[in-house]
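Colleague: Chains as they are written, first to last, in the working numbering: chain G, 1 to 436; chain Y, 1 to 228; chain U, 1 to 856.
Treat the hints as calculated values from the structure; they're not laboratory data.
These figures come from a predicted structure and were not determined experimentally.
Hints should not be assumed to be uniformly reliable.
[Claimed, not checked] With a cut-off of at most 25 angstroms between alpha-carbon atoms, the simulated DSS-like pairs for lysine-lysine come out as follows: (1) U:K662 / Y:K51; (2) U:K767 / Y:K51; (3) U:K644 / Y:K202; (4) U:K662 / U:K644; (5) U:K367 / U:K395; (6) Y:K119 / G:K28; (7) Y:K182 / U:K662; (8) U:K312 / Y:K51; (9) Y:K51 / U:K367; (10) U:K637 / U:K145; (11) G:K28 / Y:K202; (12) U:K367 / Y:K128; (13) G:K28 / Y:K120; (14) U:K395 / U:K312.
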Amino acid sequence: MKRSNILMGLAIVLILISLGAWGYQLHKGLIVTNMRNSFSWGLYIATFAFFVGVAAGGLIVSSSVYLFNIEKLKPFTRIASLSAFASILGAGAMIFPDMGRVERVWKIFVHPNFTSPLVWDVIVITAYLIITFLSVYVQLLPDWRKEGRGFFNNWTKKRSQEEIEVLSKKWSKRVALIGLPVAILIHTVTALIFATQGSRGWWNTAVMPPDFVSVAVASGTALVMVISLLTVGKEKFYQYEEAFQTMALIVAGALVVHFFFVTVDLLVHGWWGKPEANEILSLVFGRYGLLYATELLLPAFTMIFFFTKRGKGSFKTLMIGSILLFIGVFVHRMMLMFPAFNAIPLTLAIPGAGIESWAYPIALGQFSEGMPVFVNTWDYAPTLVEYAVALLPFGLVLFVVTAALRMYDFLPQKRVGKHLASKIEQAKAPKGIDFT
Amino acid sequence: MRLGMVIDLDRCIGCRSCAVACKSHNAQPPGTWWNRVFTPGSTFHQAAVGKAGALQMNFLPVSCQMCDNPPCQKVCPTGATYTDERGVVLIDYERCIGCRYCFAACPYGVRQFNWEDPKKAKERVGYKEGYEYGYPVDFRDKEGRLVFTPDRPAGVAEKCTFCVQYTANGEEPACTRGCPGKVRIFGDLDDPNSEVSKLIGKRPSYRLKEELGTSPKVFYLAPTKPIR
Amino acid sequence: MERKNLKLSRRQFLKVSAATGVLVGTGGTASFIQQAMAIPEQVDPQLNYVRTTCSPNCTGACGMNALVENDQIKSIIQAADYPEEEYNPRGCLKGLSMTNLIYGPDRLQKPLILKGKPGSGDFKEASWNETLDYTAGRLKEIADKYGPESIGVLFQVGGTGYVQKGAVSRLATLAGWTMHHAYDQNGDLPMFWPMTFGVQSEELEPREWTNSRYVMVFGSNILATRIPDAHFLLEARNRGAKILVFDPNFSPTAAKADEWFPINASSDAAVALGLARVLIEEKLYDVDFIRTFTDLPLLVRLDNGKRLKADKVKDLVKPADIPAYRESYVAYNGHFIAVHPEKLDLPTDIMIEGILNVTLITGEIVKVKPAFQLLKESLNQYTPDAVEKLAGIHKEDLVRIAREMVENKPLHVIYGAGNYQWYHGDLKGRALAMLPILTGNIGKPGAGISTYAGQYRIRFKVAEWWVPEGKKQNWLPFLYVLNGPTKTMKASWPKNGIKALVVGWGNPFDQHNMSNKLREMVEKTDLEFVVTTDFQMTTSCQYSHAVLPAVSWYEKTDLVATPVHPYLQLQQPAVKPLYEGKPEFWIIRELAKRLNPNFEKYFYPELDPQAAAEKVIELLLKTGGPEVEGITLEQLKKGPVRLKSDVPGGRQIPFYDQVQHKKPFPPISLPAKLEQTAQFVKSGRIELYKDEDIMQQLGEALPVHKPPFEESEYALNPLNKEKYQFSYVTRNAIYRVHSTHSNNIWMNELQEGKPRVWLSPEDGKEKGINEGDLVEIFNDRGKVTAYAIIDPGVGHKQAVFEQGWWSRYLKGESYNSLTYPFIKPTHELYFVPGMWSPNTAWNECLCDVRKVDDVQ
Ligand SMILES: Nc1nc2c(c(=O)[nH]1)N[C@H]1C(S)=C(S)[C@@H](COP(=O)(O)OP(=O)(O)OC[C@H]3O[C@@H](n4cnc5c(=O)[nH]c(N)nc54)[C@H](O)[C@@H]3O)O[C@H]1N2
Ligand SMILES: Nc1nc2c(c(=O)[nH]1)N[C@H]1C(S)=C(S)[C@@H](COP(=O)(O)OP(=O)(O)OC[C@H]3O[C@@H](n4cnc5c(=O)[nH]c(N)nc54)[C@H](O)[C@@H]3O)O[C@H]1N2
Ligand code: SF4
Ligand code: SF4
Ligand code: SF4
Ligand code: SF4
Ligand code: SF4
Ligand SMILES: [Mo]
């Protein structure tokens, strides 16, 4: 069986599992998750944030080509756009199962409340979805024109191939340039969802939006790199070596910025020594120390690794570095939740009792005999249903990317001399992942 | 009009009657409490706090603080959470999409979610068939928004409404009527002659997490009894 | 029955708002309400509020409004309609959540007949006819075989429902059954009352608390056990009264007090005696008061310890007009005076200290001393140093308190039930009573000593309904059923013992099965038949042979009165009886006619139960005596009506008449006749000195301190001293009324549905027990498991358990399997049911604790 078929099959299975689980959840209510009143966002929102993060990569890569004239990256602008489109689609899809009343989501459009960062997030994410789609679209137009395929492209028939190529180039650039600020915005606004909340000390920092951007640049670029690596295949790696190294450097550079933000953030949290902040730090380094270590160490490894010659030097190392980074970033997204929700906002100092912060218990929203109803901490761990539902964006991304790569050529051969390229292709093609 | 509540902690005996009155009259399903009373510092309500020789035990009822600057309302994407003309922060059960952003936003842990169909949760208790508790009639505001119903839909947020179904008709909230300690005083903060305004003027009062700038309309009068 | 429509008319509304205005003391609220009224009403006209009275065995008797729609109670809220605003609103979390019991899963639906073993829960559902026939048949068999007096009747406290419970009393009397009085059964009979004052028990109504300036609370957890009244204590404090709490454990009440004294377990008498010593040493006592109202000037013979009787003294003439139940004793002011027991007047120069020789009519010369002198001598041992050792209170505090007490009058001493439910509860009470007595704080507003247990004293004459045609009743203190008869008992023991129990309004198989006795008795068929009426499937129902589904107080008519706010109130049905439940009146009538066709006529056979209940209420009002004079059913339907009293303003101030008008002690203590109770204090005075033989033999002629356990646990088994060092203190929780509400889901949400044991951090450490650990509390008699709370306010070697859990929550065990039915001989001196009678001592119980993992 073709590898792409396997991947398509896998994507469909993931989507079906997820939809099934979601159906079950719709029937039973969100009670089937392990979220409760005191810990009201979990895996779904973390996954959403993760995909918003990786969605950045696309437009960052393609716009760098235009903005910074990094020509080396040019061959990957299509993949980049595709990766962005798929990721933001996944992110958007992830939000729906998190809603208690998903059938009423339209109310956001009818009665939007513009003080809510969520409304802005909906706006920018929708915008980004359109932009990334356009980006993919305009970049594919020339090929479609040539091969007489694609959709929404009847109008191209009236024009010449050259015209379309020029148009595509022009619009690719325009879209990328409009897209860049939107890409930054989706991270900023998504981060603002959290960062605006004065009730949650772990989130409530101005560093969060820029840090979100830095992580997005790192993880988004890494995703583009991974898809590109897989598309290109091990064998053709050296042809694009420079491009990959550039991407690895972007990743590593973004991570430097990220760690800079993390450090100043922790310093500011810790330096003043407020009981609330201490509480959070004790959660971060104590109870969730292992997770936090994962969040820090894996990307740190990638960062250092990608700065080394060896690290950015091969297919394998780049893949490993990227995957470690994804894990780290995913954990980072989960770590948005744990310390935030387990540091109950209503904490009180009890003068005279030597108690600096006592958390006022919250009613869970569920009662079962012999179990507490009021808690000041909640051992959140996603349920199987949640894991299953959270497969949705993974399935969608896989599906969209595989389907697109299978249908259209996302790796134009222009970069390398045409002859060389075809030779190489003849020699090595079968070893790469066969998307056709 | 800005409706508010004064809770006189000096008089509060920690009996939790207000919490139960609230639960009953507002038809809260099992596990849901709009109004809670705890002993700050203690792992168990009404257990002593501190060390021998310096013990204390105070009680702190907490329900929605009816913020004048309510973060829950600000974050609510659909405007399901809004402040009515009497200054009461309410939730439209028909508009809430269940995103739970307000949960993340509220610094007081008062928001409650219907994780499952409340009817099912009540059924499991084993009440007499066909029995439902709570004020039995829906209440809609002037614009027709559904802000109280005994049959809460699944998947929506809920919280203290200052007993809109009662107070809109000129009655006192259930917790105020249900408090045997006469601790909870309800009234108009804009009216300088109201009992709430007078008490706030007369006695040292504070609000929870004032530093967050939420400007709660629930005021606490400090307990006068110190540690012993 | 008056049903108030919810839709308020303008006028009604103004009334409501005016009342609210008064409540918060301002018109501001009223004006806001008026504005709010502009909003259109959205109220369903189907809704009704029915005013009735909550009446479980906390005896709070709070007026409640039930919100009724379609014959279902949707919610309950305080009626807050007492004419005295101070009493509004009354109620608590349990009363507000009664709907959970009324409509809950444990509600009895049908009559049941036991199929399997008692306690197995193996019942068959049967028709009323079948079950009543079966029950009547079994009871007749037992009566024929063992005599009707071998059938014991437990029907708990009268004050929570005079009509329905009266029906039980009526039938029991007709049938010649034996009745067990709730007061001593529950441990709620503070025996110092009859000993000292000759009454069953008394108390200031809580509104009076605000008149006190000094309040000493000895082991009464007002904040938890008198929830509707606790605010009066805080108001008193805020008006400048000083509140002192003496309790081994830091309670919510202690937290609100000015001072808390963590005294040793059951050492209250030592504290009181130490204080009394200071009062006497420093001459701080009210000499006028003790001369006029107490027995302290009366002379006591040193040869036999008896009071010197006037007719035994040479040349003294005993006044002629003395009833048989009184005695004339002797005092001295240069001459011997025959003291008239009904005239509280002695010359101001009466001698209270010293020693005298007196010549008796026999010519014999004996030495006598005024009781005061003896008291003073006996108090010598209670020096501040000694009391510090006995009770653990600092000696400086003791001296300071004694002085403060005198400077801040009125003084009110509150003596809690948890505190007198000890073997020497009577001694502690007698010692504590000395504080207001010596300082003249009796019979005045805000002054005195009060015991707030279940307020069970019958408040008006009920005999017309309870005792048909003045027939004789058989009474037997319940402790004898558990303990077996004693040699010294005055009550008569049925020749075949108790063979059957008729239970209602109580759950003795959790609350009273000490040493698992009751369960054993059923299992071994010593108790051949138990029939219980309840509206819930309690543990006692589980152990019954027949279960008769009654109804809750929201489904029937009754009359209620409690002195914690002395109002007469109606219980009116808010809804029709649920399932097949019936009011007890109906059940009793049906049983009566099956037992003996002649009995039926005593129960208004022509009327339906509600109508009959109203008839009974009219009868009770007509024949109830001065307390209810002029009160009509119509008045009661409109709202609560205050019980009448001779005190100006109708206030409930014990001994007001005695002190203000120098009337002899005791006042009438219903339902007993004066001649029954006056024999307790023959001198007609407050008696600190008891000259009965048993009192002297036990060294208790004067109040003394006796340490706990020595005459009880250690006497039972000397090994207990080594083996069991923890006090098993079973106090009340805010979440339950005894065992009622054990299964209330909201109460269980509030406490995780887990029974707890409270331990001090030191004891926890020593026993390796941490917060949340499952702990076994045990002794030779039984065990109970609970989750640990480590509380720095808990006293050393105290295992504090919140009583009332159904066995279902305790692995099938009753928490009362550890306790023991000790009987103190001084309680057997006289026998007047529920007045002078062996009182249960729940807290006189030793145990040990261990982490459950340690149990093999
Ligand atoms: N919520 C609620 N209220 C109730 C009831 C209920 O079941 N629930 N029941 C009602 C009835 S019937 C009764 S009898 C009353 C009982 O009401 P209370 O008299 O208040 O009785 P407890 O709760 O048993 O104990 C009160 C305190 O006595 C302390 N104590 C125990 N032993 C001693 C001692 O030797 N000396 C001193 N100084 N203190 C001691 C305990 O530590 C505890 O804090 O409550 C009535 N009110
Ligand atoms: N170890 C220990 N034991 C104790 C105590 C303690 O402190 N420690 N406290 C003691 C004290 S002070 C008391 S007063 C007793 C109380 O002991 P009980 O009075 O036996 O206890 P309750 O749980 O109040 O039982 C009342 C029962 O009556 C039922 N009932 C209520 N209303 C009605 C009605 O209208 N009709 C009928 N037929 N049934 C009704 C309720 O459902 C409940 O099952 O417990 C005593 N037991
Ligand atoms: S009902 Fe009143 S006294 Fe009781 S906990 Fe609530 S506010 Fe405090
Ligand atoms: S859960 Fe409902 S009320 Fe809360 S923010 Fe979302 S839509 Fe608004
Ligand atoms: S307390 Fe919470 S729910 Fe209530 S208004 Fe303030 S933020 Fe909103
Ligand atoms: S005002 Fe009403 S809704 Fe709010 S806490 Fe009180 S009883 Fe509950
Ligand atoms: S349980 Fe007792 S205190 Fe509570 S409402 Fe009922 S009668 Fe009043
Ligand atoms: Mo009692």
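Colleague: Indicate, hint by hint, whether the structure satisfies it.
Modeller: How the hints compare with the structure:
Taking the CA atoms of K662 (chain U) and K51 (chain Y), the gap is near 50 angstroms; set against the 25 angstroms cutoff, the hint is violated. For the hint linking K767 (chain U) to K51 (chain Y), the alpha-carbon distance of about 19 angstroms falls within 25 angstroms, and the restraint holds. The straight-line distance between the Cα atoms of K644 (chain U) and K202 (chain Y) is roughly 39 angstroms, outside the 25 angstroms bound, and the hint therefore fails. For the given pair, K662 (chain U) sits about 20 angstroms from K644 (chain U) by alpha-carbon distance, which is consistent with the 25 angstroms threshold.
Taken as a hint, the K367 (chain U) and K395 (chain U) pair is broken in the structure, with Cα atoms around 35 angstroms apart against an allowance of 25 angstroms. The straight-line distance between the Cα atoms of K119 (chain Y) and K28 (chain G) is roughly 12 angstroms, inside the 25 angstroms bound, and the hint therefore holds. Using a Cα cut-off of 25 angstroms, the hinted pair K182 (chain Y) and K662 (chain U) is violated, with the two alpha carbons roughly 39 angstroms apart. For the suggested pair K312 (chain U) and K51 (chain Y), the alpha carbons sit about 62 angstroms apart, so the restraint of at most 25 angstroms is broken.
Annotation: proposed proximity of K51 (chain Y) to K367 (chain U) is violated, straight-line Cα distance about 55 angstroms (limit 25 angstroms). Only pairs whose Cα atoms come within 25 angstroms are accepted, and K637 (chain U) paired with K145 (chain U) is rejected, the gap being roughly 46 angstroms. Restraint check: the Cα-Cα separation between K28 (chain G) and K202 (chain Y) comes to about 51 angstroms, which exceeds 25 angstroms; the hinted pair is violated. Proximity of K367 (chain U) to K128 (chain Y) is assessed by CA-CA distance (about 75 angstroms); at most 25 angstroms being required, the pair is judged violated.
About 10 angstroms separates the Cα atoms of K28 (chain G) and K120 (chain Y), which keeps this hinted pair within 25 angstroms; it holds. Annotation: proposed proximity of K395 (chain U) to K312 (chain U) is violated, straight-line Cα distance about 44 angstroms (limit 25 angstroms).
Of the numbered hints listed earlier, those contradicted by the structure are 1, 3, 5, 7, 8, 9, 10, 11, 12 and 14.
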